[in-house]
Amino acid sequence: MSEEKVEWIVPEGVYKTRADKLLSDAFEGISRADFHRAFDANRVACDGKPIPKNRKVSEGSVIVFTMPEVEECDMTPVDLELDVVHEDEHMIVVNKPVGLVVHPGAGQAEATLAHGLLFHCKGQLSGIGGVERPGIVHRLDRETSGLIMAAKTDQAHRALSELFQSRNIRKEYAALVTGKPDLLSGSVIQNIERHPTQRHKMRACKEDSGRFAHTDWKFIKPFDGYSLVHCRIHTGRTHQIRVHMNYLKHPILGDPTYGYRKQYGIPIDPPRVMLHSKFLEFMHPITNERLELEAKEPEDFRPFLERAID
34 MSEEKVEWIV
44 PEGVYKTRAD
54 KLLSDAFEGI
64 SRADFHRAFD
74 ANRVACDGKP
84 IPKNRKVSEG
94 SVIVFTMPEV
104 EECDMTPVDL
114 ELDVVHEDEH
124 MIVVNKPVGL
134 VVHPGAGQAE
144 ATLAHGLLFH
154 CKGQLSGIGG
164 VERPGIVHRL
174 DRETSGLIMA
184 AKTDQAHRAL
194 SELFQSRNIR
204 KEYAALVTGK
214 PDLLSGSVIQ
224 NIERHPTQRH
234 KMRACKEDSG
244 RFAHTDWKFI
254 KPFDGYSLVH
264 CRIHTGRTHQ
274 IRVHMNYLKH
284 PILGDPTYGY
294 RKQYGIPIDP
304 PRVMLHSKFL
314 EFMHPITNER
324 LELEAKEPED
334 FRPFLERAID
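Numbered per my numbering, the sequence shown spans residues 34 to 343.
One or more hints might be untrue.
Stated by the list, open to error - Simulated crosslink set (EDC-like; lysine to aspartate or glutamate; CA at most 16 angstroms straight-line):
1. K254 with E330
2. K251 with E205
3. K295 with D257
4. K329 with E314
5. K86 with E195
6. K38 with E92
7. K54 with E92
8. K234 with E176
9. K329 with E205
10. K329 with E339
11. K155 with D121
12. K49 with E92
13. K254 with E339
14. K82 with E40
15. K155 with E120
16. K213 with D257
17. K329 with D116
18. K239 with E226
19. K86 with D73
20. K282 with D215
21. K54 with E195
22. K54 with D73
23. K251 with D302
24. K155 with E195
25. K89 with E45
26. K86 with D58
27. K155 with E205
28. K155 with E122
29. K254 with D215
30. K49 with D80
31. K89 with D58
32. K234 with D174
Calculated from the structure, these hints are not laboratory results.
Start from the sequences, fold in the hints, and give me the full structure.
What follows is the structure, given as structure tokens:
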């Protein structure tokens, strides 16, 4: 179906429902993740105009879509000696090291997490993500370490994707931020949008633009000029924690894109954006087992966490 143009009329009785949900429910065998690739490629139109995946449509609207081809790339399995935190016949969770990209991008020749997963799982990964993203359900930035999951079967991939969409998963990160918060905990509910001129960057924005984003944060421990906080994200927007911590005027150490500057007087030079995916807690969507997974902070956090306040 990848190059076939499909025309579909929203059925009677539907009122203001997300287009991606309607399409994935209506077309068995095409997951919401598959449709998201089509939306991202501007291949889904409603009444003649391209629409985003969260556009709400009602009965009678005419939706036309084509599924994009997946670009072929070299996905030779590579032994990366992955740090596996949990694995079963349906899924795998690994502790991703700093500097490892999750999946190949344009012009990128280096080995990625996807290459390592293909080796470790002996090719047994969901094909929903396409050739270049086997099994990948969500992602972490190159400089963000910690827990990330992948699906071994298409059934598990769809179920895990729905788990993320429904937000029935606890995702908590450890972050080293500048200064010391005035409160012990709090929430940031602030929309996020892509920066209009710096396309690699996101920014906080008004309620009538961007996408809804919600982060809870908790103060853990103070140090000399910086603090350890834990951030729980209820939405999965690009660079969400980095944007929200900068919005609070406590940018993450080593993150010049979102506000960190050397003049903060941090006694140790941060080697990267000091953000780590520490906890995942959720009900396994296939076995109904409750999983509580943790990855301790990596070695490059240690000099910061062991430093006493003078």
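We went through each hint and held it up to the structure:
no.	hint	in the structure
1	K254 with E330	14 angstroms, holds
2	K251 with E205	10 angstroms, holds
3	K295 with D257	14 angstroms, holds
4	K329 with E314	15 angstroms, holds
5	K86 with E195	15 angstroms, holds
6	K38 with E92	20 angstroms, violated
7	K54 with E92	14 angstroms, holds
8	K234 with E176	15 angstroms, holds
9	K329 with E205	12 angstroms, holds
10	K329 with E339	14 angstroms, holds
11	K155 with D121	14 angstroms, holds
12	K49 with E92	8 angstroms, holds
13	K254 with E339	11 angstroms, holds
14	K82 with E40	13 angstroms, holds
15	K155 with E120	13 angstroms, holds
16	K213 with D257	9 angstroms, holds
17	K329 with D116	12 angstroms, holds
18	K239 with E226	9 angstroms, holds
19	K86 with D73	8 angstroms, holds
20	K282 with D215	11 angstroms, holds
21	K54 with E195	10 angstroms, holds
22	K54 with D73	15 angstroms, holds
23	K251 with D302	24 angstroms, violated
24	K155 with E195	25 angstroms, violated
25	K89 with E45	15 angstroms, holds
26	K86 with D58	14 angstroms, holds
27	K155 with E205	30 angstroms, violated
28	K155 with E122	12 angstroms, holds
29	K254 with D215	13 angstroms, holds
30	K49 with D80	15 angstroms, holds
31	K89 with D58	15 angstroms, holds
32	K234 with D174	13 angstroms, holds
Hint violations for this structure: numbers 6, 23, 24 and 27, all remaining hints satisfied.
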